[in-house]
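Undergrad: Here's the letter readout for the chains.
Number of protein chains: 2
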Amino acid sequence: MALLVQKYGGTSVGSPERIRAVAARVARARRRGDDVVVVVSAMGHTTDEMIELAQAVTGADNPAAEHPRELDMLLTAGERISMALVAMAIREEGVDARSLTGSQAAIITDETHTSARIVEVRADRVRETVDGGCVAIVAGFQGVSTTREITTLGRGGSDTTAVALARALGADRCEIYTDVDGIFTCDPRRVPDARIIPRISHDEMVELAQSGAQVMHARAVDLGAREPALDIRVLSSFVTGPGEDDPARGTLITEHPMVREDQVVTGLASARGYAKLILHALPAGMRTPTEMLGALADAGVSVDMVAESPQGGGRVLLQLTVREDDLPRAREIAAEVAARLGGGGAVEERTGLSRIALVGRGMSGRPGVYAQAYRTLMDAGVDVEAVSTSSISITLLVPSDREDEALRALHDGFTLAAQAEAPAAAAGVG
Amino acid sequence: MALLVQKYGGTSVGSPERIRAVAARVARARRRGDDVVVVVSAMGHTTDEMIELAQAVTGADNPAAEHPRELDMLLTAGERISMALVAMAIREEGVDARSLTGSQAAIITDETHTSARIVEVRADRVRETVDGGCVAIVAGFQGVSTTREITTLGRGGSDTTAVALARALGADRCEIYTDVDGIFTCDPRRVPDARIIPRISHDEMVELAQSGAQVMHARAVDLGAREPALDIRVLSSFVTGPGEDDPARGTLITEHPMVREDQVVTGLASARGYAKLILHALPAGMRTPTEMLGALADAGVSVDMVAESPQGGGRVLLQLTVREDDLPRAREIAAEVAARLGGGGAVEERTGLSRIALVGRGMSGRPGVYAQAYRTLMDAGVDVEAVSTSSISITLLVPSDREDEALRALHDGFTLAAQAEAPAAAAGVG
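If you're matching them up, the sequences are chains A and B in order. Position one of the first sequence corresponds to residue 1 (the numbering used here), numbered consecutively onward. Position one of the second sequence corresponds to residue 1001 (the numbering used here), numbered consecutively onward.
Simulated from the structure, these hints should not be mistaken for laboratory data. Ideal Cβ positions, reconstructed from N, Cα and C, are used throughout, including at glycine. Don't take every hint at face value.
[As the list claims (entries may be wrong)] So the derived label-pair ranges between C-beta atoms look like this: (1) A/R31 / B/G1132: 49 to 57 Å; (2) B/E1244 / A/E66: 21 to 29 Å; (3) A/R122 / B/S1391: 52 to 60 Å; (4) B/D1412 / A/E66: 23 to 31 Å; (5) B/G1132 / A/R122: 24 to 32 Å; (6) A/Q55 / B/A1056: 26 to 34 Å; (7) B/Q1055 / A/E261: 54 to 62 Å; (8) A/E255 / B/A1056: 39 to 47 Å; (9) B/E1052 / A/Q214: 44 to 52 Å.
[Claimed, not checked] Only some residues are given here: those of chain B computed to face chain A with a beta carbon under 7 Å: (10) P1016; (11) A1056; (12) T1058; (13) H1067; (14) A1077; (15) R1080; (16) I1081; (17) A1084; (18) A1087; (19) E1092; (20) S1099; (21) V1303.
Start from the sequences and build out the full structure, keeping to the hints where you can.
TA: Structural data, given as structure tokens:
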């Protein structure tokens, strides 16, 4: 008998039919003898509809900025609806179930409305519910602050609730049900050859999520990575029939991903909307990048990549990668800083860039991956505008109109389809 | 500086525009220097839509019966949405406001899901909110049980919340905003001459509400009637312009209704769907009505009126008025009891009856009201099928197809329009 935490996202509880499918799965687990804690998001587009209502009432584009406390109060109605309906549907299956709000489940957060951080989970009431033979349905995304205010966790909130609860309860399994089959080697809409990654480490998953992989939010994975690390399975709630209860389906995020010796890259992710600012003839020396980056950070402009190169005559060329939205502000600040530093030269810009991340523990300490990525893109005729690396990733900036070709070339070049398809054979190698 | 409790029903917060109108009124009161506690219902048809969702998910016609706890959890999302939106709209008026759930406002109830009774209101947090210069928006209809379960109060719940809060806070005024202009002398859709009753006592209002007047639920009025009695004003949230803040508009429910000496009837109410069971030749004696009423009560059949009349030969005729829905069960039980008592005679039925209540403190101790009612209906050619009285009411059963004529005749005969129109002149008389 295992204790499972299962999280169902908005599309997984998006209609009465979907809710009944969730209930059927939970009931099967219960009949197998497992204890189940279910974490739910709001149904389908409920959250968007509520934000629209708030906009209509207030006339404000961003009610979160003006009325954060009340927006949290409003949005938490969403999970309340879905969790009550899921509990009813499970009870209709003949299995006892009770829904618990974020307050009732004692998901204690700080007081930052609309993006609160969980500070503690006092799981006593959830545990009592489960110990009483009941399925506990817990509202995702919401908590209660130490001053008894209703809070929401912001983006990735329901996944975070599930992971935090699984940790607090010492759950045997944490399953994140979603509308796709798992984490793919690359976005399958971009690369038809993309395959599900059977196992991936937390740090690889964080890197993929931060680089544009949509399925799971980095924040929840990061929480799962803390010692002792929690295994998280990501899988589809839309699979029915014989394979539905296959314990190996989807992607397992784990500290023991059992990579193949020859596996260099685990997955690719990409995102559009980047730009590059090229600042010529700035004064050489540490002061230039230090002041430039400091001023941009103070203005809330996040710099993704930095490259400095000497231009002779005590002058350097500085290249900064920023979000396209931030470009006007970045340009203005760069001009101010250049003037303060004693003047710069020409300023160039490149817009319409995409950021592609190659993520894999296997590249750590392995020379030539960099070179292989460059060669692959050169053979595909794609220019690399910038590059940076970490121990488990290489990030490349390419023109957005070549993004899909670049992804397909890299997916092919690093044989991602083949290695994802042979996980069983690889199990002994890792 | 007064402390006001204002309750807004579903239609009064039924759209972003309506919510802004509520906010504008609350802000005006605040700027006048009053403290305001707002109690809100769910928006428009939200509750009905949620019940439909629950039906779709469970396949049950009546989810309240099978999943009372979860239905409460579901429905309480309704006020959460409206109260957050109302709070935002008030804040947009430049007035500070905070919404509080039934739990946060400490509306403590018993554990009867879907129809909980309030056992205590610990108004500390509401008072702190108000003392902090903030408008408190409290969710109507909902509470929290002593075992920390979310409950709902059932029919008339939001009115009850408002009255209970006004009592607990010692509010100076309790205002129930609705979609009609006040309590009418009779349903204006039935009797075009109907007028707003300017002042009415709690017991009269309870009687009218129980007899079919829709505007306010008897339960909330009854709570207001307890010592020391709370004045409750019922008025429209749809009035705008110069008259909007007239302190005398609508109907005041009060222990000091200042009735005119010549005012016999304060108002009329009616309801359809009644039937009469006529049982011939039952054994005379106390045992017959006692066993008959006992058996019907045990079966959950509520008997509205009872009349017994001797038929000679130690036999009596018993006439029972019941809801038409209950007629088949009542008939069956009556036959069983008759057999047990030693047999009865013929059984007749009348269906399609309406129950009309004439309500007025003025009829207490005044002979001839009964006779006047009968004469009025006789002149109008309406047959009276049954009658009963209390100290402040006369209830008459008439054929439903003559209900409107009966109401108009009684409204005319007791000069209700005239007396409602002359409240000011009457003020000194009561």
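Undergrad: Are the hints correct? Go through all of them and say.
TA: So, going through the hints one by one against the coordinates:
The given range of 49 to 57 Å is respected by A/R31 and B/G1132, whose C-beta atoms sit roughly 52 Å from each other. At about 27 Å, the CB distance of B/E1244 to A/E66 agrees with the hint of 21 to 29 Å. A/R122 and B/S1391 have their C-beta atoms about 56 Å apart, which keeps the hinted 52 to 60 Å range intact. Distance hint check for B/D1412 and A/E66: the Cβ-Cβ separation is about 56 Å, which falls outside the suggested range of 23 to 31 Å.
The beta-carbon spacing between B/G1132 and A/R122, approximately 28 Å, falls within the hinted interval of 24 to 32 Å. Checked against the given bound of 26 to 34 Å, the beta carbons of A/Q55 and B/A1056, roughly 28 Å apart, stay inside it. A hinted range of 54 to 62 Å holds for the C-beta pair B/Q1055 and A/E261, which are about 57 Å apart. With their beta carbons about 42 Å apart, A/E255 and B/A1056 fall inside the hinted range of 39 to 47 Å.
For the pair B/E1052 and A/Q214, the supplied restraint of 44 to 52 Å is violated, since their beta-carbon distance comes to about 32 Å. Restraint check, B/P1016 versus chain A: the minimum CB separation of about 4 Å is within 7 Å; hint holds. Because the beta carbon of B/A1056 sits about 4 Å from the nearest beta carbon in chain A, less than 7 Å, this interface hint is met. Annotation: B/T1058 was flagged as interfacial toward chain A, and the flag holds, the nearest CB pair being 5 Å apart, inside 7 Å.
Because the smallest distance between the Cβ of B/H1067 and any Cβ of chain A comes to about 4 Å, under 7 Å, the interface hint for this residue holds. With a cut of 7 Å, the hint placing B/A1077 at the interface with chain A holds, because the nearest CB-to-CB distance is about 4 Å. Proximity of B/R1080 to chain A holds as hinted, the smallest CB-CB distance being about 4 Å (cut-off 7 Å). Checking B/I1081 against chain A: minimum C-beta separation of about 5 Å stays under 7 Å; hint holds.
Satisfaction of the interface hint for B/A1084 is found here, the shortest Cβ-Cβ separation to chain A being roughly 4 Å, below the 7 Å cut-off. Annotation: B/A1087 was flagged as interfacial toward chain A, and the flag holds, the nearest CB pair being 4 Å apart, inside 7 Å. Annotation: B/E1092 was flagged as interfacial toward chain A, and the flag holds, the nearest CB pair being 5 Å apart, inside 7 Å. With 7 Å as the threshold, the beta carbon of B/S1099 comes within range of chain A, its nearest partner Cβ sitting at about 5 Å, so the hint holds.
Residue-level restraint check for B/V1303 is violated (minimum Cβ-Cβ distance to chain A is 36 Å; threshold 7 Å).
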